[in-house]
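Novice: Chains as they are written, first to last, in the numbering used here: chain X, 1 to 333; chain A, 334 to 464.
Hints may be right or wrong, so weigh each one.
What the hints assert, rightly or not - A short list of chain A residues far from chain X (calculated; beta carbon distances all over 10 Å): (1) 366; (2) 367; (3) 383; (4) 384; (5) 385.
To be verified - In silico SDA-like cross-links for lysine to any residue, where the CA-CA straight-line distance does not exceed 25 Å: (6) 304(X) / 405(A); (7) 406(A) / 440(A); (8) 165(X) / 43(X); (9) 165(X) / 152(X); (10) 304(X) / 367(A); (11) 174(X) / 190(X); (12) 88(X) / 441(A); (13) 174(X) / 440(A); (14) 88(X) / 404(A); (15) 88(X) / 387(A); (16) 88(X) / 405(A); (17) 165(X) / 70(X); (18) 88(X) / 74(X); (19) 406(A) / 280(X); (20) 88(X) / 401(A); (21) 406(A) / 87(X); (22) 88(X) / 43(X); (23) 88(X) / 440(A); (24) 174(X) / 31(X); (25) 165(X) / 121(X); (26) 88(X) / 411(A); (27) 165(X) / 304(X); (28) 406(A) / 111(X).
Please keep in mind that the hints were generated in silico from the structure rather than gathered at the bench. Cβ coordinates follow ideal geometry from the N, Cα and C atoms, glycine included.
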Amino acid sequence: MRAVVKRGVRLAGALCASLLVVACAPYQAQEADPSLPLERSRELVGTPFFPQDRYQCGPASLATVLNAAGASVLPEHIQPLVYLPGNKGSLQAEMLAAASHYGYLAVPVPPDLDSLLQELSAGRPVLVLQNLGVEVLPVWHYAVVIGYDLEQRTFYLRSGRDRRKVYSFRRFLKTWSRAAYWAMVVVEPGDVPVSATATDYLKAASALERQHKPAAALRAYTAATRRWPDQPLLWAAAGNAAYTLERHADAEAAYREALSLQPDAVPIMNNLALALAAQGCTPTALAVLDCAIRQAPANTVLDKTLNEINELNNEAVDCRGFTCILPGADRQP
Amino acid sequence: MMSSLMKRIMVLLVSVSFFSTYSLPAWSGIVTTDQLLQQQLEVLNKSTLAAMLDRDDVRQQLVERGVDPEYAKARIAALSDAQIEELRDSIDTLPAGSGVVGILVVVLLVLIILDIVGVTNIFSFIHSPSK
Numbered sequence: 001m002r003a004v005v006k007r008g009v010r011l012a013g014a015l016c017a018s019l020l021v022v023a024c025a026p027y028q029a030q031e032a033d034p035s036l037p038l039e040r041s042r043e044l045v046g047t048p049f050f051p052q053d054r055y056q057c058g059p060a061s062l063a064t065v066l067n068a069a070g071a072s073v074l075p076e077h078i079q080p081l082v083y084l085p086g087n088k089g090s091l092q093a094e095m096l097a098a099a100s101h102y103g104y105l106a107v108p109v110p111p112d113l114d115s116l117l118q119e120l121s122a123g124r125p126v127l128v129l130q131n132l133g134v135e136v137l138p139v140w141h142y143a144v145v146i147g148y149d150l151e152q153r154t155f156y157l158r159s160g161r162d163r164r165k166v167y168s169f170r171r172f173l174k175t176w177s178r179a180a181y182w183a184m185v186v187v188e189p190g191d192v193p194v195s196a197t198a199t200d201y202l203k204a205a206s207a208l209e210r211q212h213k214p215a216a217a218l219r220a221y222t223a224a225t226r227r228w229p230d231q232p233l234l235w236a237a238a239g240n241a242a243y244t245l246e247r248h249a250d251a252e253a254a255y256r257e258a259l260s261l262q263p264d265a266v267p268i269m270n271n272l273a274l275a276l277a278a279q280g281c282t283p284t285a286l287a288v289l290d291c292a293i294r295q296a297p298a299n300t301v302l303d304k305t306l307n308e309i310n311e312l313n314n315e316a317v318d319c320r321g322f323t324c325i326l327p328g329a330d331r332q333p
Numbered sequence: 334m335m336s337s338l339m340k341r342i343m344v345l346l347v348s349v350s351f352f353s354t355y356s357l358p359a360w361s362g363i364v365t366t367d368q369l370l371q372q373q374l375e376v377l378n379k380s381t382l383a384a385m386l387d388r389d390d391v392r393q394q395l396v397e398r399g400v401d402p403e404y405a406k407a408r409i410a411a412l413s414d415a416q417i418e419e420l421r422d423s424i425d426t427l428p429a430g431s432g433v434v435g436i437l438v439v440v441l442l443v444l445i446i447l448d449i450v451g452v453t454n455i456f457s458f459i460h461s462p463s464k
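Only chain X is shown next, with the shape it has when bound in the complex (with noise of 0.2 Å):
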């Protein structure tokens, strides 16, 4: 009897040892970059609190975020345009998009401990997908952080029930790590965020679009552009906005900003073609049309672009010209 019983606990022994090792193998001890500029701590009392019902901690911290942000939402409200009743969860591509509904941005935060303290320092609750369970066996939650003290290691979270969850670095890093570190944060169209980049930036914003709210995609797109002036997309991201908006000289601007940037964007070019078309300057319209069609022959979309070009044919005035700036090819005099 003792010999079965000692192999029992040998073999479960094994097996929790095996459930450790798969559980430790991502995680790597992370420390804050000493030179970034933090506050030894900070904890965001005013964060909005929903307790969660079961399986909502999607629309529970969806709507704590939201209403730090400004909106006014309680999680049965946004639960219809998140949760997934077959897999009893959200998923995280649904729960970036979810914040377009209401008009805001959902913007990823990069994956590593700098930046969720960073977002926390400025004063921004940062929404995370923890694994409370192991590599085989995951448990997968959604929580807010909205603190973090540097002194004590510890970590506050507004967490399923919990109005103030304490997690030691060391358990939460190991519990955010196995969610390969994914963050997120919510703001307004004109803020962003101190940690975002301009890629995640862009496509946030991109939602808006896709929610037929140019003008608030105008607005995020023209904080992004000060914020990082050097990215042609960006550029070209607004002066759809802005053309969607039939705004077409503040269209023709932007283009004309991200080509400066990018002269053979030819996609960009196909778009200030439209712009200044738009307005009556059919001749520099062409002109642009000319440069993009040398660079992309048999393109359906210029074509049709042409087509629409030839047909609208009004004249106008007060038109800039256009040069032309080929691939490898000398500037004209």
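Chain X is already provided as a structure; the job is to place chain A on it using the hints.
Specialist: Only chain A this time, still in chain X's reference frame:
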């Protein structure tokens, strides 16, 4: 026996109703920001119909998993082409955050495993070699 004219009208009616389900804006011709993000010229030539079929596929997958059909439409509309791609083939394997309540399942499974190897003796339906 349908005349070819009737066939053409049918195709037109079907495609019009299909397009109007998604309330396409009037064609403006600009390359959208989503398409710019993909940064591929081939995208400009990609069939709009193919992209819409992908979206319809994911919309159906949401409905199959209990999402209200009207909300499913709205949820799909909010997703980028890249996000649609990601969801289309992986909707059941991607993390779905549900919350702390799920942890009970883990505890249960661990107990079952311990029962199987004979360390514990909780469940009568598990017959381990030590019994």
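Novice: Indicate, hint by hint, whether the structure satisfies it.
Specialist: The hints, checked one at a time:
The beta carbon of residue 366(A) sits about 4 Å from the closest Cβ of chain X, which is not more than 10 Å, so the claim that it is off the interface is violated. Once the 10 Å rule is applied to beta carbons, residue 367(A) is inconsistent with being away from chain X; the minimum gap is 6 Å. Against chain X, the non-interface label of residue 383(A) holds: every CB pair exceeds 10 Å, the least being about 14 Å. Separation of residue 384(A) from chain X is adequate, the least Cβ-Cβ distance of about 13 Å exceeding the 10 Å criterion.
No Cβ of chain X comes within 10 Å of the Cβ of residue 385(A); the nearest lies about 14 Å off, and the non-interface call holds. Among the hinted pairs, residue 304(X) with residue 405(A) is inconsistent with the structure: their alpha-carbon atoms are about 33 Å apart, more than 25 Å. A threshold of 25 Å between alpha carbons decides the hint, and for residue 406(A) with residue 440(A) the separation of about 38 Å lies outside it, so the pair is violated. The straight-line distance between the Cα atoms of residue 165(X) and residue 43(X) is roughly 12 Å, inside the 25 Å bound, and the hint therefore holds.
Simply put, residue 165(X) and residue 152(X) have alpha-carbon atoms about 14 Å apart, close enough for the 25 Å limit, and the pair holds. Between residue 304(X) and residue 367(A) the alpha-carbon distance is near 19 Å, which keeps this suggested pair within the 25 Å criterion. Of the supplied pair hints, the one linking residue 174(X) and residue 190(X) is violated, its CA atoms being roughly 34 Å apart against a limit of 25 Å. The hinted pair formed by residue 88(X) and residue 441(A) meets the criterion: a straight-line CA distance of about 18 Å does not exceed 25 Å.
A distance of roughly 19 Å separates the Cα atoms of residue 174(X) and residue 440(A); the hinted pair therefore holds under the 25 Å criterion. Of the supplied pair hints, the one linking residue 88(X) and residue 404(A) holds, its CA atoms being roughly 17 Å apart against a limit of 25 Å. Distance restraint check for residue 88(X) and residue 387(A): the Cα-Cα separation of roughly 23 Å lies within the 25 Å cut-off, and the hinted pair is therefore satisfied. For the suggested pair residue 88(X) and residue 405(A), the alpha carbons sit about 16 Å apart, so the restraint of at most 25 Å is met.
Distance check on the hinted pair: residue 165(X) and residue 70(X) sit about 24 Å apart at the alpha-carbon level, within 25 Å; holds. For the suggested pair residue 88(X) and residue 74(X), the alpha carbons sit about 19 Å apart, so the restraint of at most 25 Å is met. Between residue 406(A) and residue 280(X) the CA atoms are separated by roughly 38 Å; this puts the pair beyond 25 Å, and the hint is violated. Our distance criterion of 25 Å between C-alpha atoms is met by residue 88(X) and residue 401(A), whose separation comes to about 15 Å.
At roughly 18 Å between alpha-carbon atoms, residue 406(A) and residue 87(X) fall within 25 Å of each other, so this suggested pair holds. Among the hinted pairs, residue 88(X) with residue 43(X) is inconsistent with the structure: their alpha-carbon atoms are about 31 Å apart, more than 25 Å. Between residue 88(X) and residue 440(A), the direct Cα distance comes to roughly 18 Å. Compliance with the 25 Å bound is thereby established for this hinted pair. For the suggested pair residue 174(X) and residue 31(X), the alpha carbons sit about 13 Å apart, so the restraint of at most 25 Å is met.
A threshold of 25 Å between alpha carbons decides the hint, and for residue 165(X) with residue 121(X) the separation of about 19 Å falls inside it, so the pair holds. With a C-alpha separation of about 21 Å, the suggested pairing of residue 88(X) with residue 411(A) holds against the 25 Å cut-off. Distance hint between residue 165(X) and residue 304(X) is unfulfilled; the C-alpha atoms sit about 58 Å from each other, more than 25 Å. Of the pairs offered as hints, the one joining residue 406(A) and residue 111(X) is violated, with about 31 Å between alpha carbons and a cut-off of 25 Å exceeded.
Violation of the numbered hints given earlier is confined to hints 1, 2, 6, 7, 11, 19, 22, 27, 28; the remaining hints are satisfied by the structure.
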